[in-house]
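Trainee: Quick note, the sequences are listed as chains A and B, same order.
Note that the working numbering has the first sequence beginning at 1, numbered continuously upward.
Note that the working numbering has the second sequence beginning at 1, numbered continuously upward.
These are computed hints drawn from the structure, not numbers from a lab.
A few of these clues could be false.
[To be verified] Facing chain A, according to a computed beta carbon distance under 8 Å, are these residues of chain B, among others:
(1) V109
(2) S110
(3) D112
(4) P113
(5) A114
(6) N116
(7) L137
(8) G138
[As the list claims (entries may be wrong)] Here are the simulated EDC-like pairs of lysine to aspartate or glutamate, each with C-alpha atoms no more than 20 Å apart in a straight line:
(9) B/K111 / A/D87
(10) B/K79 / B/E32
(11) B/K332 / B/D515
(12) B/K111 / A/D70
(13) B/K20 / B/D61
(14) B/K133 / A/D87
Quantities reported herein were computed from a predicted structural model and do not represent experimental measurements.
Glycine is no exception: its CB is placed at the ideal position from the N, C-alpha and C atoms.
For reference, the chains in residue letters:
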Amino acid sequence: MALQALSLGSEVDLWRPQTGAVHSAFARAVNLRMNGEMWTVLGANLPDTPFGIRLAQGGHLALLHVQAGDLVHVRAGYMRVGPLILDCRTASRWAPTRWPQPATDLEVRLAAIEQVARPRAWTGSAGLASEVTDALRRSDRDLARAVCRTVGRGPGLTPAGDDVLVGILAVLTCGASGPAGIRATARLVCALAPVLHSTPDVSRHLLDQAARGLPGRALHELGKAVFEGAPNDILANALDRVLDTGRTSGADACLGLAAACRFTFLTTERLAA
Amino acid sequence: MSVSSRYYANLYKDSVSLMKVSAQVVAVPGIETASVVMASATNIDNLAAAGLGSFEVRPNDLIVAVSGSEAACVEALAKADDLLKENPAGGGEDSAGAAQPITSLQMAVSKDPAHNFALVSVPGDYAAAEAMKALRLGMDVMVFSDNVPPESELALKRYAQQHNLMVMGPDCGTAIVNGVPLGFANVVRRGPIGVVGASGTGTQEVTVRIHQLGSGISQALGTGGHDLAASIGGISMLHGLKALDEDPATKVIVLVSKPPAPHVAAAVLGAAEASAKPVVAIFLGADPASITQKGVHGAAYLAQAADMAVALAKGEDPKRMPMVVNNEMQRKIKELSRAMAAGQRYVRGIFSGGTFCFEAQLIHAAADIPAFSNAPTAGNRKLERVGKSLENTIIDMGDDAFTQGRPHPMIDPSQRDARIREEVADPSTAVVLFDVVLGYGSATNPIAGLVGVIGSAKAKALAEGRRVVFIGYVCGTDQDPQDRASIVAALKSAGVLVASSNAEAALWSATLISDRTGAIP
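Next comes chain A alone, as it looks inside the complex:
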């Protein structure tokens, strides 16, 4: 079956010949293992990701009869994924843009996000977000303990604790976080490395990508909207897109994002005050 791709993530190179295999196939996404990276084939109704290939059609990907272990071949703008041929030559390319410095009243927007996200998140996520960001203010040992308690914790294919960390990393790696963000990212990555093996494959790759400043488009656009001080309707739309990710994943990431924003920006504001 031949399908057209609608858009591609910034990190996907479909012109260099390469081979891989299907890692896992779900109703909404098919994960591919490609040279140590995890690519994802998504329906049109889902947002882009840095390693994503969005199809021009939505619907149930399980109907495409792709199975784990199917071979993947990439060549000259085409992909073969099991029985599917994807023509990606004319697909648009999504690349994240730099977040601006936070506009005033950041705390108000963060509180609004938390208010909507908290009831939809896993019950322990808010606590984990606080624990990790608090630990970022303390010693490396404290941070390692906090991260160890967070990684792989909670329900879901991507455990809630990992989603919280993805939210935190999205803020720390955005250009607006400056040198403090770079230092905090480096410490968090060091704390993460020894325990990454304890979380499922897909989640591990998402954490790895987030640590490289490559969150998904929905989270990226929510962060931008929050920092820009976007109008409420735009903020609400961006939030809805994130919350739509998984059963609790989006909400868990929102809590991580809010906690990291407070750690990175509001502390400085308070100190300055």
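Guided by the hints, dock chain B onto chain A, whose structure is given.
Mentor: Frame of chain A; chain B shown alone:
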């Protein structure tokens, strides 16, 4: 004599298919010349020069031109028509016509991006452009076509090098990729030995011998004959070496070439030394001691390279065993020599494999037997009129001089058979040395005419009081489409001394000629 022709608009056939059709058309009784070619500018000129007519057609058209009796020409064109219609152009994948035939490399990739290899076999004028299309689609390429300009070859190989791809060729006649024989190649067992060869028949000899010794081939990659020239720099051989070094199925690597340009040899041997795997290198004509270095084992002749590779694959010491004629064969050669007439002094080597011709010349030269050749090795003299042998003559009948507008002798050995008949008729001929190459691409029955030629020529010579010795070598395996065992048996029953390698056949010949002339083998 009449000349007839027919053209087919937009009908493409690769050169091997064309040569096969041509071989069957020329076999029609009463046909003197037949040419089945794509209508490239060069081929149009050749047809005109051969008196087969002038044509105003496009390069995508196919021309059949024949000369002979009028009735034969009609029959030959009808035969060509049938043969060309057997497998329609485009090679549609569905005979019912439901599927759209693949007519371009781009279409092949769009149908399945898993396609990662293209074999280009079009007239040389167009080969580089097609090969570049394949490279730009991220495919490795085998260019079977020859007559590709050196600057185009370099451009293709530099592009491939920059994109971690390989160009095998131009003029790459032999490869075995993932167990699939391509071009002229034999059916060999898969196994731990990888080959990178700049010579087609050289690669065939090594792979066949490895199979016969019970081992097998992981990959046999061709580079084309010009790759190790100073201007190209061995780009493909270095890539092939790296690919085999990284291939987990390859335990031992064999490099086959004529002597490269000095700086290219240094680069190739440097890369071989850096390889984590043992490498056997044969640069035909080069002193093996000058090649041997840490992890690199120099071989003197093709069969020896195979022997050493098999020993290394078994974890044994790769001894470079000297090639000798055993006592029984020495006695036999003496006996045959004694039965010859006084004037019989010369070898006539009639080869279809260019590297076999080269190796045979080297072995004769080492026995102080210089020879004329259309493709002379260092120290040998050029045979100016290729149609007539002089003294010791060892010729490559696959050379352009013999194949312009005619099938290669591996595909249609009739020209070789005729030449052998001529050589036996020469009262100075003592030995006729020849090869028979089996495998895909070669004639279905390569000795169909040869046995008869040998029988009648021998009888005629005997009637004139001469005994001519025939020494042959059959390059092939028991799994080739031809039946190697029956071919060897047929040759033996015709009185041919059949050697186990090309080098051995040449050594037997050199021993006999030495006996005739007093040279020391």
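Trainee: Run every hint past the structure and note whether it holds.
Mentor: We went through each hint and held it up to the structure:
1. V109: Cβ of B/V109 sits 5 Å from chain A, so the hint holds.
2. S110: holds (6 Å)
3. D112: holds (6 Å)
4. P113: At about 4 Å, which falls below the 8 Å cut-off, the nearest Cβ of chain A leaves the hint on B/P113 intact, so it holds.
5. A114: It holds, given that the least Cβ distance between B/A114 and chain A is near 4 Å, below 8 Å.
6. N116: holds (6 Å)
7. L137: holds (4 Å)
8. G138: This hint holds: B/G138 lies near chain A, its Cβ roughly 4 Å from the closest one there, short of 8 Å.
9. B/K111 / A/D87: Given that 20 Å is the threshold and the Cα spacing comes to 10 Å, the pair holds.
10. B/K79 / B/E32: holds (15 Å)
11. B/K332 / B/D515: holds (12 Å)
12. B/K111 / A/D70: holds (17 Å)
13. B/K20 / B/D61: Satisfied, since the Cα-Cα distance of roughly 18 Å is no more than 20 Å.
14. B/K133 / A/D87: holds (18 Å)
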